[in-house]
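Enquirer: Sequence:
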Amino acid sequence: MDHGTDRSGLLRGQLALTRQLAEIVLADLTDEVCLRRPSPGSWTVHRDDRGRWVPDWDDDPPDDLAQPSLAWTMWQALWWGTVLLDQAEGRPVTPREEIVWPGATAGVDALRRLHDRWDAFLAARTEAELDAGDVVTFPFDDGRPLAAIAAWANVELTKNVAEMGVLRRLAEAA
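For the sequence shown, the working numbering gives the first residue as 2, with consecutive numbering after it.
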């Protein structure tokens, strides 16, 4: 799929490649695979008193934190993607505590919806808007242009998908 060679098109092409990788990595994913902890002490998700899957979290995580579960890694991508798009689309930012892991199948669907929203957002940006430093401040609050934040987001998503692929292989091999 050719998105063009302007910055928006390049960012969207990069995102499309990540989507293709995600479709391979996340095909037919199960809750069991997602919840498998790769090592003792790794962060994962747990049911709260309302039955929701909530993530382990510490605002000051230890330096030696073990690799998290696939469920946690998917939740993290859903969390930061939601916050990024809330800001980009001018909506109030959803608090982290309100973003839960919805399970494997619903999580993959949620990632697809975030991808589609992010792609549509990028497609609608002009060159001047990509240069603006006041559109999104997550995760950087230093006036970076939207194009730099979009490039970070695409790379971060690619990293998350790659991690999920490794975690899936580890869980399925165990």
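No lab work stands behind these hints: they were computed from the structure. Hints should not be assumed to be uniformly reliable.
Ranges between beta-carbon positions, derived for each pair [to be verified]:
#	residue 1	residue 2	range
1	E128	R48	29 to 39 Å
2	A149	W58	35 to 45 Å
3	V167	P62	30 to 40 Å
4	E128	L18	32 to 42 Å
5	G144	E173	39 to 49 Å
6	E33	G144	24 to 34 Å
7	T31	F139	41 to 51 Å
8	T106	L22	35 to 45 Å
9	V167	F139	31 to 41 Å
10	T95	T127	35 to 45 Å
11	L18	T95	23 to 33 Å
12	T138	A163	22 to 32 Å
13	D57	T31	17 to 27 Å
Here a beta-carbon is modelled for each residue, glycine too, at the ideal position from N, C-alpha and C.
Enquirer: Hint by hint, say whether it matches the structure.
Expert: Status of each hint after checking the structure:
Taken as a hint, the range 29 to 39 Å is violated for the pair E128 and R48, whose Cβ atoms sit roughly 47 Å apart. In this structure the supplied range 35 to 45 Å is violated for A149 paired with W58, their Cβ-Cβ distance being about 27 Å. Checked against the hint of 30 to 40 Å, the pair V167 and P62 fails, with Cβ atoms roughly 20 Å apart. Our hint of 32 to 42 Å for E128 and L18 is violated, since their Cβ atoms are close to 22 Å apart.
Between G144 and E173 the beta carbon distance is about 44 Å. The supplied range of 39 to 49 Å therefore holds. Under the hint 24 to 34 Å, the C-beta atoms of E33 and G144, about 44 Å apart, miss the expected range. Judged by the Cβ atoms, the range 41 to 51 Å given for T31 and F139 is violated: they are separated by roughly 31 Å. A hinted range of 35 to 45 Å for the beta carbons of T106 and L22 is inconsistent with their spacing of about 19 Å.
The hinted window of 31 to 41 Å between V167 and F139 is violated, with their beta carbons roughly 26 Å apart. For the pair T95 and T127, the beta carbons lie near 27 Å from each other, so the given range of 35 to 45 Å is not met. Between L18 and T95 the beta carbons are some 27 Å apart, a value that agrees with the proposed interval 23 to 33 Å. Distance hint for T138 and A163: a CB-CB separation of about 26 Å, consistent with the stated range 22 to 32 Å.
A beta carbon spacing of about 20 Å between D57 and T31 agrees with the range 17 to 27 Å that was offered as a hint.
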